[in-house]
Each structure stands twice: as C-alpha cells, then as structure tokens.
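K.L.:
Chains as they are written, first to last, in this note's numbering: chain Z, 1 to 406; chain G, 1001 to 1461.
These aren't lab readings, by the way, just hints derived from the structure by calculation.
Worth double-checking, as some hints may not be accurate.
Residues of chain G placed beyond 12 angstroms of chain Z at every Cβ, according to the derived structure [claimed, not checked]:
(1) E1083
(2) L1097
(3) A1115
(4) V1136
(5) Q1229
Now the stretches of chain G that chain Z is said to cover, found in silico as 3 or more residues with beta-carbon under 8 angstroms [as the list claims (entries may be wrong)]:
(6) 1042 to 1055
(7) 1292 to 1306
Glycine residues also receive a C-beta, built at the ideal position from the N, C-alpha and C atoms.
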Amino acid sequence: MVIHPDPSLPLVAVNLWYHVGSKNERQGRTGLAHLFEHMLFQGSEHVAANDHFRYVQQAGGVLNGSTWYDRTNYYETLPSNHLRLGLWLESDRMGFLLPALTPEKLENQREVVMNERRQRVDNQPYGRAMERLHELLYPEGHPYRWPVIGYMDDIAAASLDDVETFFRTFYAPNNAVLSLVGDLDPEVAMEEAEAWFGELPAGPPVPEVQVASAALPGDAREVLEDNVNLARLYLAWSLPRFGHEDWYAADLLSRVLTEGRSSPLYQDLVYRRQIARDVSSFVFPTELASTFLLVATARPETDPAALLQALDEHLVRAASEELPPDDIERARNRLLTGWYSDLQTVGRRADLLSQMTTFFDQPERIATEADRYRQLGGPELRSLARRLLTRDRRAVVTVLPRRRGQ
Amino acid sequence: MSPRRTRVDRTRPPAATPPREFRFPPFYRCGIAPGLDAVIAPNGRGPLVNLQFLVPGGGAQRDEEGLSGLATLTASLLDRGTEQRGALEIAADVERLGAYLGASAGWDATAISLAVLSDYVPAALELLADVALGAVFPEPELERVRKERLADLLRRRDQPSALAEEQLARSIYGDGIYGRPILGDETSVERVTREAVRNFYRRHVAVSGATLLVVGDVDPDAIVDKARQAFAGWRPSEPEPVLRIEAPASRSLRAVVVDRPHAAQTELRLGHVGIPRRHPDFPAVTVMNSILGGKFTSRINLNLRERNGYTYGANSRFARRTGPGPFRIATAVATENAGDAVREVIGELRRLRAEPVEVEELEDARSYLLGLFLYGVQTVEGVAGRLEDLAVFSLPDDHLERYPEEILSVDRDSLLEAARSYLDPDRLTIVAVGPGDMLEPQLAEWSPARIDPGGEPVAPA
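Here chain G stands alone, though its shape is the one from the complex (with noise of 0.2 angstroms):
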C-alpha cells in the first residue's frame, strides 16, 4: 500500500458510502413446559450466551400496601436457597462455571439472568431451573437479606440523586403504587415475613406466561432439549387479572426542597405523569424527548449545560412501564444557579409546545435513535433487553423488526401534537435536593415546601 497524497476536503462533513442494511437478529420461540415459552436468539459475536427466566406481569407493581419492596426483597432470595442447594452453594456452583446471577424485581417483571461462557450453558440452564422452580427461602435468609436492604435504605439517605428520584416519584404519585419505594422502607420492610414472600413467589412468580430467553452463541435445537429436561418439573400457578394502573389526579405546578445543609451541590428532578409504554403515541414521545433531553446535544443539555454552565449534564426521560409512568428530568446544578435552571427548562417545554421542530432536529433525532438501535445489539444482554421488552409489555414479534420504520414515521405534526399532549408545565413536580437556606428564596414562585432527608417537615431557620 502506497500512501495517498490526495488532499482531502476538510471544510464540509465528507460523505457517507452507501449503507449497509442491518435487520434486528433471527429469533425463534417453543413451548419448553406449560406456560413457559422459550424465545432464543443464536448470536455468535463470542462465545457467551445470556440466559434469562423473566415472568412478566409481577414485579413491584403487585407489592401489596404496607409491603414495598415484597418484590425486591422476594427476587433477592431467589438463589438464597433451593431444594437442592444452599445459598453458598448455589453461589459455588454459578462461579465456578465463571457465571454471573442475578434475580431482580423491576416495577413490571422479576427476572432471573445468568451470563456465561457457551461451553457451561448446560450446567448454567439446571442451575437457573433450579433457583427459578425450587427457591425455599429459608427464615435465616430472609433475616440476612431483609438486614442487607436496611443497611441499603440508610445508604440511600446519603445519596443526593437517590433522595431526588423517590422524593419525585412520591410527589408525582402520592399514595399510588409508582409512588412507593421499590426497595421498600424501614417500617414495610420490617413487616415482611417469609409467609409474605412464599405468596409473592406462588402467585406472582412461578406462573403461566413466563418466557425464557436463550441469547448468544447456541445451537437452538440442542438448547431446547436441555431447556425442556431442566424445566419438567414447571407447575405453575395461574397468573392474576392483568392490572390496570390508573394516572393519578395531577396537580398544578409545585416544588418540594429536600434540605441538605451542607450539599456542595443542588440534585433538580423535574417531572409529572407520563405515559404507558404500549401506548400507540410512544414512538412519538420517544422522538420528542431525544430532542427534547434525550441526548448530549438535545435542547435541556444544550442549554443548561453549553449555554450556562451550570450543570455537567441534564437529560429527560419517559420511564417505560405497564402503567403510565413519571416523565422526568434529571440535572445537578451549582446551587446558586437552581432557580434559573428550573426556569430554563420550564421554558424549553413550553417551547416545544409552542413550535414545530426543526426539520433538521427531527432527522437528527430520527437517525440517532435508529443509531442506538444497532448499537445496542453488539451485546447479547443488548438484544436480551430488546426481547424482553416484548415480553414485559406484551408487544408483537415483528415490532423489532417494524421499529426503524415506527421511528421513522414521526413528523414533525406528530411530534407537535406529542409535545401537546404529553408535555405539562404547569403540572410539574419540581424537587431540589441541597441546602434549604440557598434554594427557598430561589424556589419561592412556586411555594416550596421543605422536607428533611427522612421525608419530615423542616421549619425555614
């Protein structure tokens, strides 16, 4: 190879060669037992395959009042102890095939992954049929665990963006179900007894419609014959009705100031009711908050950040549930510049509700999120979250497949009409975690109520 002495036009961006088309990767789903289906995905970009039992329609949202965090807690104790085998030895066994486990709740399914070497999928697939079908939850365990999680709730109060996002969430939804802490609190768990989780596990984990995923570098008929020998044993229970969550009431515009004296900094969350996930107007959302705060260049980042530095970043996001979740955005900013943030960002909603975007915003936006499209699928537990997705939300084999083109559907009327209709001003939450003194007189138009870390009224000194 001659090196070329061609000079090269610096001046404009140079131009693209034609694309190559990429399709989301092949999967296939069987029945593996009664009510378990298995979706398997064979990717071999290396020799790892990711391995999930995920039960959609549990999770936190069933926590019962009073026992936040049930869900939490009873995923942690999953691999704590099974017919077969004891906590360590469930923990010896997955680590010495050089395996990672975990169980955990989200606030629509509990799921139980394990990523591993290809050559252990075997061993790796009895063992995540065992945790999965024979969890016991030993009384010792749950004494362990629940002493963990209290450990974790007082960590929590030292965490200034944690304080925030719950604080939020509590405002948002008041006594509502995505307004209770999903690891719980002190006094709910405190209350949870092993007869509690034993329930939470019968009727909300071990039942019909739970999907195994199977992703990596695997054979998909050898897979589905271990998968049926490891899962025979399967006896699940019917699921619960479907639940219906229903937005709360919103409230007019308002803020809360979570009073750390000594913050060396202000955590902002601002946000209200967004909306479900399978909800025909999401892409559109999805389009409007890529601009909107979704990524470094989207007009909140922009401005907080570029324009006035007060802040390293600032985003904004519509959470993806079943019910309709928080839109929020999240920043941390100098404390003396809070009370001009909150101001730029309520002017920027109030700007996207009040024009069309640029044409060139929209293509940028539309391109990129097609971008983290394909980016996202590198990974196995990158195209396990994408199958997941459709499990969890109950959408159609072929969105994956439809979603370039749902994306791309979005105009700029759409997005107009999006911005309309699911961006409030002047029914946000505002929450400001740092010193009280400095954010009241900052807050004052909107008549902040002050609040210390533990959620108790403080009185202004």
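Bound conformation, chain Z alone (with noise of 0.2 angstroms):
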C-alpha cells in the first residue's frame, strides 16, 4: 500500500494494481482478464449490481478500470470526504465477489464485451492491424502473442467456472496494490485501509508464467486487406522490459524521431516529402517484454512500398549516426512537459504509484523516473537502435484498401 498526502484540492484517489492481465491467460481462453475486470462492476456479496458505478457517481466520483497485458486496475477519485466510500467498495469486491456472481451476468456482459471488441477492432478501420502484428511479433506460447481483449470466440466461451478460477488464482491482497492520493490524513488513511482490507486473507502464490523462447520474426511481414481509403503500416520490434536502460533508450529515441512537427520523419516523410499523412511511434510499458511500433500513413497516391522503404532509410540513419543534441534536448523538454501534466491529477498519480510499486517495490521511483532521460545521448540512442531496431528482430503489417467489389 502507498499513500501520499496532497492536500490541495478536496480530492483523494483510490487506486487498485491487480497484478494479473492478459498475460496469465492461455490460449483458448484469451480476454479472461479483460472480461472479468468486467465482472468486477457487477456487484459483489454486500454491493448490488452497478452499484460500485451509482455510489461512486452519487458521492461526486469518477471511476473506471481497465486490463492491460500485466495488470488489471481499478479506480476512483472522490471528493476528499468519501475515502471511505472507496475502501468499501474495493475491499468488498476483492474479498467477497463471488457470493455476487451468476450466470446471469456472465452471459449479459459477455455480450457487452463481444460488443466492445466489435467498436474497437472489428468495426474499426485497421482494426485487425495490432492483433495481426503481435501475433507475427512473439511466437506460439508467448504471453504477449494474443490482444488484450481476447478472440471472439473465446470470449464466448468463457464459463462461470474459469471466471470464478480467476477470481480465485488472481484476486487477492498478496497479489495488489493499493494506492491512496490525495486530501487524507496518512494515519487515518493506513488504519482505514487497515481496517477494510486488513481481514481478507492472503490467496495461493500466483503461478508464474511461462515464457516461450523468444525467436526472432525475421521480418515477418503480412499484408491486410480493409475498409480503408489509406494505405497504413505497422512496425514493430519486440524490446527489453519496461524498467531497463533500453527501454528508456527506447522511449526517447521513439521521441525524437517522430514526436512534433521538427522530428525528423514529420518533416521529411509528412511535410517535404508528403508520402505519408502522419507518422508515430511508441514503446510500450509491459513487463516481460517491450513492444517498439512504429506506425505511418500513407497519402491516397503513394504506394506503401515506397513509404517502407523511406522508414527503412531513416532506421538505417538512426543506427549509423549520431542524432543531434538539438534533437534530443527538444524530445527530452517535451517529455518533461508531458510528464509534469500526467502529474497534475491525484488519480494519474495514484495510478503510477502503484505501477512502481507493482513492477519495482519501488513507489519512490515516480521521483526519479523524469531523470532517467538525463544521462541518455547520442551515443545510447544510436546503439539501441544498432543493436535492438535491426530487420531480422522486426515484423511488419501492410494494410491496404480492399480492392473494389469484395
């Protein structure tokens, strides 16, 4: 548990790391996490069904969760004079769901969540793209391999059973993180959180997952048809896990090269050139792996190979030569900028409380994470990406526009 006390506006956050996400599934059984984070605003044995989103809401709150491949978090920022509120709420949820659990509700919010991956893949223009490029990216029985969401057929396969061997195998204390931000007084807020989640016991030691040896894809490439009107493509290259010197090499370098209109493939593939209409880049924080995407739109009349082989150029570039210090200072400034607004909400806070907590035991690292990017140059950043952004360790996803009358 984490708490730190800010008192500057009457709010506190509270927030919830589970240290489970898509990750602990297997195969056959992909969205499980996702689904059950679901299950987790359905009541549980003291709260009735949506009543975790009516008090919150009724006390002036917001709140939501959400399951990402390592974790599944729970959230709520109330005004200051309802922690308690939240304390309930969650404690109730993790210690005594299943009294609440039917099949009922299993079967009206698999069809919520069938519906939910038709918004936000299926019924989305290059939706199928992310999927298709993990897949290519991290071989059978990598964790990492399947969406977060899950395939729709095991999403409709999900029983009572497996969500209640979740609940069971995943969702308790030794295995969460509790963060409290915000209005309270750090001694009553330990012995309040004391009192609600101190009785629930401790579960099984979580099972450890197994990791499939990571071949490289060899530049793995797949060619997507869609309902598109612009050519798209996805790259992307499997990295050292969030928390190595890589990663942080990784996120600066995907920074400067794309982030403002003065990065360099903005200004040479968007404004001089014009073969591509925007061009972005991330890394992303997981934990047994990082994934490195780099992603590029074509303009209506270039052809995709050649907005390829432009990305190709400027890869080579960034192994070969050093980038600028300009170039790093800029990327660096606005990362710091970026940074410090993420830090403005008592509930983004807690959320990177328990993020530290979760990966490191290290809370305080939230500190320190901004100085990170200080003792990174040229030189860091052009042996990452000789090293780490090479074509063998790289799978790529072409999407074009379906041809006419398919």
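Join these two chains into a complex; the hints should help.
P.N.:
This is the structure we're talking about:
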C-alpha cells in the first residue's frame, strides 16, 4: 500500500493494481482477464450489480477500470470526505465477489464485451492490424501474442467456472497494490485501509507465467485488406522490459524520431516528401518485454512500398549516425512537459505509484523517473537502434484498401 | 501505528466525513491591449502553464456558403508561417521549449493554445503573440494543408462514428450552418483560396474582443507586463455583428441508413435540435441529460448495455453552442439489435417526458455534476476550459461561482418541464451506419432512406 498526501484540492484517489492481465491467460481462453474486469463492476456480496458505479457517481466521484498485458487496475477519484466509500467498495469486491456472481450477469457482460470488441477492433478501420502484428512478433506460447480484449470465440466460450477460478487464483491482497493519493491524513488513511482490507485472507502464490523462448520474427510481413481509403504500415520490434535502461533509450528515441513537427520523420515524410499523412511511434511499458511500434499512414497517391523504404532509410540512419543534441534536448523537454502534465491529477499519480510498486516494489521511483532520460545522449540512442531496431527482429503489417467488388 | 482490528460494517455504504469546502480557483481580468483582455488564474499545482489566445464570435459558424472548412483551415495555417518565422521554425521554437502548440476552430471560436513548463512562459508568450498577430498564410503552406485535409476527409469515410455524426447533423440542419461539415468537403476545400483565408483571419480572428487566458504556475503581475509587451502590436479590426443562428423547421421521425455492407457492427445516432448554451433552461437540460444518457448509470446506458447487452456503451449530449446545437444519442450496437435498440431509446425519451424522475435519481445526478466540476479543476487545461466557456458564451464572471447553486436548484418539476420542452421523440432523426440489407427491415417503420458513405443514394439489393 502506498499513501501520498496532497491537500491542494478536496479530492482523493483510490487506485488498485492487481498483478494479473492477459499474459496470465492461456490459449483458448484469451480475453478472460478483461472480461473478469467487467464482472468486478457487477456487484459483490454487499453491493448490488451496478451499485459500484451508482455509489461513486452519487458521491460526485469518477471511476473506471482497465486491463492490459500485465495488470488490471480499478480506480476512483472521490471528494475526499468519501475516502471510506472507496475502501468499502474495493475491499468488498476483493474479498466477497463470488457470492454475487451469477450466470445471468456473465451472459450479459459477455455480450457487452463482444460489442466492445466489435466497436474497438472489428468495426474500426485498421482494427485487426495490431492483433496480426503481435501474432507475427511473438512466437506461439508467448503471452503477449494474443490481444488483451481476446478473440471473439474465446470471449463467447468463457464459463462461470473460468471466472471463479480466475478470481481464486489472482484476486487476493498478496497480488494487489493499493495507492491512496490526495486530501488525506496518512495515519487515518492507513488505519482505514487496515480496517477494510486487513481481514481479507491472502490467496495462494500466483502461478508464474511461462514465456516461450524468443524466436526472432525475422522481418515477417503480412498484408491485410480492410475497408480503408489510405494504406498504413505497422512496424514492431520486441525490446527489453519496462524499467531496463534500453527501455528508456527506446522511449526517448521514439520521441526524437516522430514527435512534433520538428522530428526528422515528420519533416521528411509528412512535410517535405508528402508521402505520409502521419507518422508516430511508441514503446509500451510492459513487464516481460516491451513492444516498439512505428506506424505511418500513406497519402492517397503513395505506394506503401516506397513509404516502407523511406522508413527503413531513417532506421538505418538512426543506427549509423548520432542524432543531433538539439533533437534529443527537444524530445527530453517535451517528455518533461508531458510528465508534469500527467502528474496534475491525483488519479494519474496514484496509478503511477501502483505501477512503480507492482513492477519494482519502489513507489519512490515516481520522483526520479524523469531523471532517467537525462543520462541518455546520442551514443545511447544510436546503440539502441543498431542493436535492437534491426530488420531480423521486426514484423511488418501493411493494411491496404480493399479492392472493389469484394 | 498499530493495526486496528475493529470490525467494519460491510452491509451498507460507510458514512462520509464532513465535506471540505471547494471554490473555483480565483482569476483576474485586465486589459492587455485595446480589444484584448487577459484572464489570469494563478494555480500552482505543478510547474505548468496553459496559455490560450481565444477569439469568440468567429469559428466555423462564419464559414461562407460553399466554403465549409474555411475556419478550420485558417486555424491550421496560423502556425504555418509568420512575418518572423517559417512553418518549421515555429515548430522548432515551440518544441525546443518542450511546449505543445495547437490552433483550432470550433463552431463558435478560434483558439491558439500552448502548454508549457512555467520556466519558459516568457518565450512561449512571445511565440503565441507572433502566431496570433503575425500569421501570413504562405501559399505553399495552404497547398500543403489542403492536401492533408483532403486525405483526412478521405480517411473519415472509413470511420463509422464520424460518418454517423456528420450524417445526423446534415439530416437535422439540412443546408443550415450546423448541417455543414466543420472540416469542409472535397469541393469546398478545393475552392478555398489564400485570399479567402486572409479575409477570414482579418474579419474573424484578428478582431476586438479576444481573450488571453493564462492558467497555472505564474506570477500574475509579471505575466501582465510580459503579455503587454508581447501583444503591443495588436491592431484588431471591429468584429462583425453577432450571428443569429435560427433553429431549422423540425421534421417528423425518420431514418437514414448509411450502407457499409461489410461492417461488423452498427453505429447508431438519434437526435434533433437542442438549445443554445446561454438558454436559461440549460442547467435543467444538463441535469436531465445526465439522467438520460450523461453518465454510466444513466437510463439509456443501463438499458442498452446492462439490461440488454446490445452495446458496449450509450450516451446522450446537448451540444454547447451559441446557437441551437444538436441533441444527440450515440451508441454502437450488434447489427441484429439495431431496431430494438432504437425502440428502447425512444421508450426512454417517452418515459422521461411522462413522469417525474425519482428523488434519488435527481440527487445522484446533481452531486455527480458537482463532482465532475471539482474533478475538472485538477488540471490547467480543465480550469482553462471553464474560463473559455465564460468568454465564448459571454457568461458573467461569477458564473463559475454560481454553477453549483444553479445545478442544485434544478428540481423534479423543472426537470420534467425540461424533458417535455426539449426532448421530442416524434421529431427524431435516426442514423444507422452498417449493413443496409440487415438494417432496413429492422428500421422499416421509420421508412429509411439508404445512402452510401459518400452521401449518394443506394438502391436496396
């Protein structure tokens, strides 16, 4: 548990990270962690279905939950006089979920999640690209191979038994971090948390995730057709985990290459040659490995092969020439603005504290995280590109406009 | 601290402790240049500042007929060249500070905003003034932005939610101002000239009545001096008279199907004309909408999602505009449920008009709205957004102080009255974007017209 007092506004954030995500699923039951997150809003022994939302919103609070590869989070930001309400609700669903679980609720949320998948993936332009990209990038048996939301057939197949087993395996105090941030007295908050969570029994040790040996994707390529008007390229590499020094170098390099109109890829591809409508890149903060993603949308008249070639030229340059210090300084300054912007809300701060505690058992890392980028310069970024952003380590998905008549 | 082993009572929600008072952060107003006021909200929650040059009265409502997209193209060009700097120099100077600059036009205003660390505020202010005062709209940049916009328009045709929103506006407002696409269409974007852009800038951006918003970690006195220096060259023209946008004649209930034969789901919109933001009943409409579709526990979301499993989510909204903007309900449903979902939504509208809401439902909605108000002031952008409302909708400076009492004064009677006056299930337009062959039979009772994503009529198979 982490407590961080900040009395500047009468607000308090309650944030719980369970150290379980889609990586803890197995093939045939993908999407279970996310479906399970939905079930946690369907009530628990002392809270009726949807009353979790009702109680928080009637107190003037804002709430949600989300599922990712490594973790599932649940959070509310409340007027600070309602701290106890957040603790009651979160402790009830951590300790007393099963008595409230019914087949009807599961049936309903399965439908909701299938519609969520349609809305976010199947009915979105380019929606299937990320899924295919991960399937090319990660070998059979690697837990980052399947999508967090899961495959449609697996969502449909999830049983009440699956859900109960999932709860017993992963939802217990020993697999969770609680962060409280905002207008609170630390001693009172500690006592309250102890009162609501202290009596919940620990669960069994959480089974370790087996990671298949990392066979390199070897520049695997696939072309998808979709109902889109502009072609788009997705390039991905698997890099070291979040927290590794290479991760920070990759994050900074990504920002140098594509962030803002001063970035070399924007200036060359979007501004000067006008062969791309946009170009962007990210590196995911995940725990077993991280995925570095480079995405570019072609102009209507651009041949996607020419765009891929242009991206390749930039990658080769990043691996052979040192980036100018000004470019790195710019990216670092933007990163800092973004970081402070993030820290404005108690909710985001609580989530970062939960993250640092779950992954590293070091909540205090929140104070030094931005400093990690200060030690990085041209040589580190070039080395990263040369060692890791190579062709044999990547996968490429090209999405093309569907040909007429199909 | 020794662990306390008192047993807690889990059977009911624990009592709240006494609330701490909250007031909207103080802000100050003063003149910076003739026709330009600054509104400054010093707010020290981090080393961040949000600067915004805001021109109410302009925006896409001023697009001339046949030149839809002019306001948004003009805004996109503001940071693409000034007397002092080229497009890439502006970007370089902004990004070197670690700042984020954005220029945009909504229906009612044009805004240039900068998010920046407080150490760099003087330099950022100078850049903001350069872009606001010195934009020169170079011809090659217009061509560049035009091509980008044409690609964006093409891309929007792939997006079912964008198609649905645009079709709904077109169906509600016809040829009226709010019926036009804010980004323009292929024809109008091709037609925009540099002369038209410069005219728009002179008549609707470089005008008296602009506001400089400064929110965040600043010393108010120091910032006023800096701002006066930076904006010393401001020579605004007189703004044009306020535009009056009339509500279109209402039509009877009907449906439009935008055919996407391969679609995995159907995007649904239902809507009709709403009321202007400044309308005295807007607070009642806000509380009413919260209950109808403005939050997770709203009637429409609980019905479509939690009771029926038709969708991942459904919501409703009254647009906040100076004129009578749209009221609309949005959801994406499994295609086989589209007809039933429409019937459920119409049923909810009728129910809200037929009987007063429960007391608890009303109290929940009011406290939720007040909670959102508090939640929003955590960030400099959130505070700036509220101050922006004052300028754009000409609301009095004490509006934000009075907001809680305005919301709390909405009772069951005024809410019922608002539902009866401003929800009209017999005058809805229904837009469904999805597989036409599956949708038409389900929507038959509203005699749907079928069109393709480009807006051309399609004959049923």
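K.L.:
For G:L1097, is the shortest CB-to-CB distance to chain Z above 12 angstroms, so the non-interface label stands?
P.N.:
violated, 6 angstroms
K.L.:
Closest CB-CB distance from G:A1115 to chain Z, is it above 12 angstroms?
P.N.:
It is violated; G:A1115 is separated from chain Z by about 6 angstroms at its closest Cβ, not greater than 12 angstroms.
K.L.:
Is G:V1136 truly not at the interface, in the sense that its beta carbon sits beyond 12 angstroms from all beta carbons of chain Z?
P.N.:
Holds: least Cβ distance 17 angstroms, greater than 12 angstroms.
K.L.:
Classify the label on G:E1083 as holds or violated, using whether its beta-carbon is more than 12 angstroms from each beta-carbon of chain Z.
P.N.:
The claim holds: G:E1083 sits with its nearest Cβ about 19 angstroms from chain Z, beyond 12 angstroms.
K.L.:
Given that the stretch 1292 to 1306 of chain G was listed as covered by chain Z, double-check it with a C-beta distance under 8 angstroms for 3 or more residues.
P.N.:
holds (count 6)
K.L.:
Taking 8 angstroms as the Cβ threshold, is the statement that the stretch 1042 to 1055 of chain G is covered by chain Z upheld or broken by the three-residue rule?
P.N.:
That given contact holds, which follows from 4 residues of the stretch 1042 to 1055 of chain G lying within Cβ reach (below 8 angstroms) of chain Z.
K.L.:
Just checking, G:Q1229 versus chain Z, shortest CB gap more than 12 angstroms?
P.N.:
holds, 24 angstroms
In summary, the structure is inconsistent with hints 2 and 3 from the numbered list given earlier, while agreeing with the others.
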